[in-house]
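Colleague: Spelled out from the first residue to the last, the chains are:
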Amino acid sequence: MRVDDLDGTIREALHYEVAAESYCLEGLEDRIATEVAGQLPRRGLFDRLRGLLAPTRGARVGQLAIIGATAAIFLLIGLFVADRTSLFGPGGGTPRVAAAGADQVLFVMPAPGAHSVAVVGSFNDWEPTQLADKNDDGIWRVQLSLPPGRYEYAFVVDGRWWGQDPLADEYVRSFGEYNSVRYVGQVGGGA
Amino acid sequence: MSSETSRLEKVYIRGKEAEAGVYRAQDEVTLLRASLEGDAEAWGEIIARYKDAVFGLCLGFLRNRADAEDLTHDAFVRAYVNLRRYRLDKRFSTWLFTIASNLCRNRLRYRRYHPVISPPDQMEGGGDPGRAVAKEERIGKIRQTLDRLPHNYRAPLVLRYYNDLSYKEIAEVLFLQEGTVKTRIHRAKLMLKEELEKDGVTQHESG
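Line by line, the protein sequences are chains A and S.
No gaps in the numbering here: position 191 of the first sequence is 191 in our numbering, and each next residue is one more.
Plus 1000 on top of the position in the second sequence (first one is 1) and you've got our numbering.
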């Protein structure tokens, strides 16, 4: 038997079990519609920014592009000057969060006396990635290279869940616990 | 038995209708716009259209009806709350499946750190000894093997064979490279084939 001969059977098996169990979905739409009634979808940071630009009635796309390009040039000049004056440089005293590009994300966890500190999250399929305390100052670190996206994660300190990272962009609560969230390479990203 | 068969047929027909483009893009966009304005009924219609697909994904990932039911509910609530994050350049279903699969992976993670003492629910119809038909036997065996498959192999398989996503879309939903998706699906199928051959189930070709 060739592996591809299995396609039909796999498809059938999956549909079969859904057909056998989907009775529990009866009325789900009504239950959720009642639950969300009177509640509006949340406004994100991106929309608020767009909202600021949107009321410029009559503005052509070209005009917006000019405004955008000018803003980008000023931003670049600003960053260049800031870098030259080493406001955010290594001499500034604070560790750089994104040291080598937007996708280098530093995870830091102060845990003096801990035996093991790991970070688990959607970027490593919730498989622990160990942090290291190389200079024995109780601050555990690991730097990961992550593609742009939204990542949920938490620290596991000596086997205990630690879901609220002070460096996170936001927190979400699932199953009675907190998880931290970071946005990498996106609007609203602090990582 | 006959009612179960007819229900199975219905699911197939629904799948065929979806393929035929019954869910016209314009209608969906209208419903999504209305949902953005807080029209809960429009959101109810979206749920009615996608609930089987999301439930199938969750059931395939988690192999447990109660958890799949829970997370199907949560996925639709979360998608509604975050609806403004949805961009029209992506298929709505892909975005929705991303939310559902993230919730599933969270739940699997939760299970890992909070193991239950009792074994997971045996789903209805799993390995029913009363059915001696070869095809049923193959299906039953596949389902048992799916239970044992590591979830990172099972997930792409479900998205491919239940949700009919392309490799590219699966890669998007699971934050993987397209090549990794292909490899995992192929390996998962090899594992299934091995299991079936071990028990001699493949001797009986389905007719």
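These are computed hints drawn from the structure, not numbers from a lab.
Predicted, not measured: the structure shown is a model, and the values here were computed from it.
Please note: incorrect hints may appear among the correct ones.
[Unchecked claim] Label pairs and their in silico Cβ distance ranges:
no. : chain 1 : residue 1 : chain 2 : residue 2 : range
1   : A       : D158      : S       : R1148     : 28 to 36 angstroms
2   : A       : I139      : S       : H1186     : 39 to 47 angstroms
3   : S       : R1091     : A       : Q164      : 46 to 54 angstroms
4   : A       : C24       : S       : R1033     : 46 to 54 angstroms
5   : S       : D1027     : A       : D30       : 17 to 25 angstroms
6   : S       : E1178     : A       : Y178      : 29 to 37 angstroms
[To be verified] From chain A, some residues computed to sit far from chain S (all C-beta separations above 12 angstroms):
no. : residue
7   : S22
8   : V36
9   : R43
10  : L76
11  : P112
12  : A114
13  : Q130
14  : D133
15  : D136
16  : V156
Ideal Cβ positions, reconstructed from N, Cα and C, are used throughout, including at glycine.
Colleague: Are the hints correct? Go through all of them and say.
Modeller: Each hint tested on the structure:
{"no.": "1", "hint": "D158(A) with R1148(S): 28 to 36 angstroms", "verdict": "holds (31 angstroms)"}
{"no.": "2", "hint": "I139(A) with H1186(S): 39 to 47 angstroms", "verdict": "holds (43 angstroms)"}
{"no.": "3", "hint": "R1091(S) with Q164(A): 46 to 54 angstroms", "verdict": "violated (34 angstroms)"}
{"no.": "4", "hint": "C24(A) with R1033(S): 46 to 54 angstroms", "verdict": "violated (30 angstroms)"}
{"no.": "5", "hint": "D1027(S) with D30(A): 17 to 25 angstroms", "verdict": "holds (20 angstroms)"}
{"no.": "6", "hint": "E1178(S) with Y178(A): 29 to 37 angstroms", "verdict": "holds (33 angstroms)"}
{"no.": "7", "hint": "S22", "verdict": "violated (6 angstroms)"}
{"no.": "8", "hint": "V36", "verdict": "violated (5 angstroms)"}
{"no.": "9", "hint": "R43", "verdict": "violated (6 angstroms)"}
{"no.": "10", "hint": "L76", "verdict": "holds (26 angstroms)"}
{"no.": "11", "hint": "P112", "verdict": "holds (23 angstroms)"}
{"no.": "12", "hint": "A114", "verdict": "holds (17 angstroms)"}
{"no.": "13", "hint": "Q130", "verdict": "holds (16 angstroms)"}
{"no.": "14", "hint": "D133", "verdict": "holds (22 angstroms)"}
{"no.": "15", "hint": "D136", "verdict": "holds (28 angstroms)"}
{"no.": "16", "hint": "V156", "verdict": "violated (8 angstroms)"}
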